[in-house]
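A.B. asks: Line by line, the protein sequences are chains A and B. Its first residue numbered 1, the first sequence is counted upward by one per residue in this note's numbering. Its first residue numbered 1001, the second sequence is counted upward by one per residue in this note's numbering.
No lab work stands behind these hints, which were simulated from the structure alone. There may be inaccurate statements among the hints.
Computed list of chain B residues with no C-beta within reach of chain A, every gap over 12 Å [to be verified]:
{"no.": "1", "residue": "K1014"}
{"no.": "2", "residue": "T1032"}
{"no.": "3", "residue": "A1097"}
{"no.": "4", "residue": "P1169"}
{"no.": "5", "residue": "V1202"}
Calculated cross-link-like contacts (lysine to aspartate or glutamate; reagent style EDC-like; alpha-carbon spacing at most 16 Å) [claimed, not checked]:
{"no.": "6", "chain 1": "B", "residue 1": "K1195", "chain 2": "A", "residue 2": "E167"}
{"no.": "7", "chain 1": "B", "residue 1": "K1096", "chain 2": "A", "residue 2": "E167"}
{"no.": "8", "chain 1": "B", "residue 1": "K1195", "chain 2": "B", "residue 2": "E1015"}
No experiment lies behind these values; they were computed from the predicted model shown. Glycine residues also receive a C-beta, built at the ideal position from the N, C-alpha and C atoms.
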Amino acid sequence: MNSSTTIASILLAAILTNNMVLSKFLGICPFLGVSKKTDTAFSMGIAVTLVMVVATAVTWPIYHFILAPSYTYLETIVFILVIAAIVQLIETVLKKYIKPLYNALGIYLPLITTNCAVLGITMLNITDSLNFVQSLFNALGAGLGFLLAMLLFSGVRERLETADIPEFLKGLPITLVAAALVSLSFLGFAGIGG
Amino acid sequence: MNKNLGYFTNGLIKENPTLRLVLGTCPTLAVTTAAINGIGMGISATIVLVCSNLAISLLRNIIPDKVRIPAFITIIAGFVSVVQMLVKAFLPSIDKALGIYLPLIVVNCIILARAEMFASKNPVLPSVLDGLGMGIGFTAVLTLMGAIRELFGAGTLFSLPVTSEFISPMIIFLLPPGGFFVFGMLVAASNAIAKRSGKKPVEHLGCASCPSRGICESANITEKEEAAENE
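With the hints as extra help, turn the sequences into a complete structure.
C.D. replies: Here is the structure:
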């Protein structure tokens, strides 16, 4: 298999088959909390994708050139601190140089520090022993997959607002059941990309 | 003494972190494919929770308010690394089953939320008891959910065959949709019980105790304002 098909399959697998939210259960908080409206869901998804790719670009070299082989047990603590710093940095840079993007994404950035999807993808890249380029595409795919899940689910939730829901399911339970059905539809992608 | 007992029992039922505060949803959904995984995850998180509550409570007057969240995260990450290494060394099968969700205890909002809401404001003993109670409450729900999914999805309980010989198992319960569904049903059941005893049902995620709730709220407020303007 040549390298471009590998990258394509990594990308597809990360978006569809191994979807961050719907099959790996990472980033459930923003998925359930910020997905009430489509445009909010979109901004959050873009912000997460951006942070995931940048975080991977920074943590991968740190792991392979500084921590490996003797300090790998510091992975967790180093990664979370690096991600926190990156989020701060991205926020500052956007605020200074790309104002419109900051206005659109700014409020979502601090939320991302403690988002398990970001820490999760940087760690998955290490455990799956992907190389640098593959890691970047895996992160991009995971981010886009998160975005896709958020967008689809926000559409479902806008429908739910007007639906007649049985009393005992009102609120969080119906949201979770709806998420189960969206996740069920993603099972259909099993086997694609691999 | 009774007051201390109250700190402990608070997390068990009244403010159960998973079903009443709705925190730590990610590990709840991800690792509960078998009852034993629920116990493993629950105990690991409990150890981290008790230790981090202890450390944060001791340091509560030293940590400057502005940098408290990064400081909490660093303390929590330290304990998570310790637990991770212990599990890897002594319980390799649990380590394999929990995978990356074990190090992800760092970003488990139960731990950060208890640090922020309780340990940073209370003395050591109540903080430790609070951590222990919350941890046991979390473990109990995780084990229950793991047992339900294992029973329906594989027909076994703690890997012992129960119904697998005469009913063919419904694998969907072990797959991601089953996780969302069973959790939804558990929240619905807990809501029904809460309602019967005169408490308010849970309608949203546990934002009240989330450290980043201010940000979410401001996002929602701007949303509402925009909606008002559009109208």
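A.B. asks: Looking at T1032/B again, its CB stays over 12 Å from all of chain A?
C.D. replies: T1032/B is in fact no farther than 12 Å from some Cβ atom of chain A, at 10 Å.
A.B. asks: Against chain A, does A1097/B hold up as non-interface, every C-beta pair farther apart than 12 Å?
C.D. replies: holds (14 Å)
A.B. asks: Measure nothing beyond the straight line between the CA atoms of K1096/B and E167/A; if it is 16 Å or shorter, mark the hint as holding.
C.D. replies: violated (40 Å)
A.B. asks: Decide, holds or violated, for the assertion that all CB atoms of chain A are farther than 12 Å from the CB of V1202/B.
C.D. replies: The assertion about V1202/B is violated, with a minimum of 6 Å to chain A.
A.B. asks: Taking 16 Å as the top limit, are the C-alpha atoms of K1195/B and E1015/B close enough?
C.D. replies: The hint holds at about 14 Å.
A.B. asks: Run the C-beta distances from K1014/B to all of chain A and say if the shortest one exceeds 12 Å.
C.D. replies: K1014/B is indeed farther than 12 Å from all Cβ atoms of chain A, at 18 Å.
A.B. asks: Confirm or reject: P1169/B is not an interface residue toward chain A, with every Cβ-Cβ distance exceeding 12 Å.
C.D. replies: holds (17 Å)
A.B. asks: Next pair to validate is K1195/B with E167/A; report whether the Cα-Cα distance is within 16 Å.
C.D. replies: Distance of about 12 Å is within 16 Å: holds.
Checked against the numbered hints given earlier, the structure breaks hints 2, 5, 7 and satisfies all the rest.
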